[in-house]
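Student: Which chain is which? The protein sequence lines are L and H, in order.
For the first sequence, this note's numbering assigns the number 1 to the initial residue and increments by one for each residue that follows.
For the second sequence, this note's numbering assigns the number 1 to the initial residue and increments by one for each residue that follows.
Each hint should be verified, as a subset may be incorrect.
[To be verified] Once the Cα atoms are required to be at most 30 angstroms apart in a straight line, the calculated DSSO-like pairs of lysine-lysine come out as:
hint	chain 1	residue 1	chain 2	residue 2
1	L	K70	L	K44
2	L	K123	L	K60
3	L	K62	H	K11
4	L	K60	L	K100
5	L	K70	L	K123
6	L	K62	L	K123
7	H	K250	L	K100
8	L	K60	H	K11
9	L	K44	H	K250
10	H	K11	L	K70
11	L	K44	L	K59
12	L	K62	L	K100
[Stated by the list, open to error] Estimated spans, in silico, between C-beta atoms of each pair:
hint	chain 1	residue 1	chain 2	residue 2	range
13	L	L47	H	S150	33 to 39 angstroms
14	L	K70	H	V81	23 to 29 angstroms
15	L	N113	H	I243	43 to 49 angstroms
16	L	K100	H	V81	46 to 52 angstroms
[What the hints assert, rightly or not] Residues from chain H shown here face chain L by an in silico Cβ test under 7 angstroms; the list is partial:
hint	residue
17	P68
18	V123
19	W129
20	A152
21	W208
22	S212
Since the hints were made in silico from the structure, they are not lab data.
Since this is a predicted model, take the numbers as computed values, not measurements.
Where a beta carbon is used, it is the ideal one built from N, C-alpha and C, also for glycine.
Below are the chains, spelled out letter by letter.
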Amino acid sequence: MPISLNITQLRRQVMSVATLGTCVLSIYSGEICAKDNDYVLEIKNHLFYPSELIVPANKKFKLLIINHDKTPEEFDSFDLNREKVVFPNSSAVIYVGPLKPGRFHFFGEYNPNTAIGSLIAIKTLKQPKKPVKADNYAN
Amino acid sequence: MLINTVILFLKDILPVFLLLSLLLAHRHLLDVATLPKQKIDQMTFHRLLGYILVIGLLLSVGVINIVPSLSHYLDGRGVEVLYTLGYLAIYSLIVLGILFDNIRLLLIAMMILTLLRGADFLVYLQGYWSFEVLSELVIATLLGGGICMSIAILMYFMCCTLSRWRGTNVAAYLLLFFATGYLIKATHLLMQADFINNSQPFYSSNEWLNESSELGYFLAALVGYDASPTLLQLIAYGLGIGIPMICFIKINPQPTIDPKALA
Numbered sequence: 001m002p003i004s005l006n007i008t009q010l011r012r013q014v015m016s017v018a019t020l021g022t023c024v025l026s027i028y029s030g031e032i033c034a035k036d037n038d039y040v041l042e043i044k045n046h047l048f049y050p051s052e053l054i055v056p057a058n059k060k061f062k063l064l065i066i067n068h069d070k071t072p073e074e075f076d077s078f079d080l081n082r083e084k085v086v087f088p089n090s091s092a093v094i095y096v097g098p099l100k101p102g103r104f105h106f107f108g109e110y111n112p113n114t115a116i117g118s119l120i121a122i123k124t125l126k127q128p129k130k131p132v133k134a135d136n137y138a139n
Numbered sequence: 001m002l003i004n005t006v007i008l009f010l011k012d013i014l015p016v017f018l019l020l021s022l023l024l025a026h027r028h029l030l031d032v033a034t035l036p037k038q039k040i041d042q043m044t045f046h047r048l049l050g051y052i053l054v055i056g057l058l059l060s061v062g063v064i065n066i067v068p069s070l071s072h073y074l075d076g077r078g079v080e081v082l083y084t085l086g087y088l089a090i091y092s093l094i095v096l097g098i099l100f101d102n103i104r105l106l107l108i109a110m111m112i113l114t115l116l117r118g119a120d121f122l123v124y125l126q127g128y129w130s131f132e133v134l135s136e137l138v139i140a141t142l143l144g145g146g147i148c149m150s151i152a153i154l155m156y157f158m159c160c161t162l163s164r165w166r167g168t169n170v171a172a173y174l175l176l177f178f179a180t181g182y183l184i185k186a187t188h189l190l191m192q193a194d195f196i197n198n199s200q201p202f203y204s205s206n207e208w209l210n211e212s213s214e215l216g217y218f219l220a221a222l223v224g225y226d227a228s229p230t231l232l233q234l235i236a237y238g239l240g241i242g243i244p245m246i247c248f249i250k251i252n253p254q255p256t257i258d259p260k261a262l263a
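The task is simple: from the sequences and hints, build the whole structure.
Tutor: Encoded structure:
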């Protein structure tokens, strides 16, 4: 009986350490890279590229925003109900969707006259064939 | 840049002024209510409030230095996690502060709000500051501050007047709505960071009251108005108000206000 208790305790300790280790590893993430199902917006000279991005309707997706400028920009959209600051020479991630088919406007809150664009949600859109890669902007 | 800075100031700092005016009104109404005296006297309360605002501002200067690196943690969701925790703390502290008549909890909520909203505005100032546009930024900040102060003063006297008419502490109820607004903002961030499944909006009231209008901005700051909420957010809002309201009635009914004392 004492032996089985020790094995149980040992198993619990191993699981605790493994869980803790997983948590520690998952906490630190120094890279944000676009994967196959990501959509990418870039900010250059207070302009969004592309200004119109076609995305799938009725499906959640990850939007990666890369800021090439030396000043921060705040991605804001009342249509999408999303708002996030993208720091200079850095990137930010926002999860969007599922969206009904249609057009959803967004803008840069710090430069609302120039940084404007829209997401166009279309039904039965196939995933992009070429994976979109983003540079690493981690510190 | 001038107009944009004013708009950003209003968006980021107006909630701080609103909470300040609601706290002052709540404190004033508690003083005149038929309740035992609060342990903190009025002068001490005002002094504490000043310290809290300064500490919050100083902390926000520190926060803006760590936020850029924090944004890369947790697969790019570090900032959402930080703000979610802050907003949940604000909601909890305000509700508990009203429920147990604890002014200190309300002051801590004020500090956290100043920290988070101050950091938002300081990120913009830090990014776009330069000697060429310094005068525009200063003028815009003063204009924004003046507008926020006017709104806060009107809110304070509105609370006192309505309390006199209704015979109850209106500021406490407005504080509850204010706090629930931040509960909804927290759910918003959790959806944005994909910690909660997002769904399509349950309805859209943009045709009646546009979220991007001046009144929309004001209601968003005061009660967390969202023109296109999801069902989850509606349920959270209802529970966020309903449960504390029931607790108020059971545990700490809001005292009747003697209209003569407010005259």
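Student: What are the numbers of the hints the structure violates, in ascending order?
Tutor: Result: hints 5, 7, 9, 16, 19, 20, 21 break, sorted rising.
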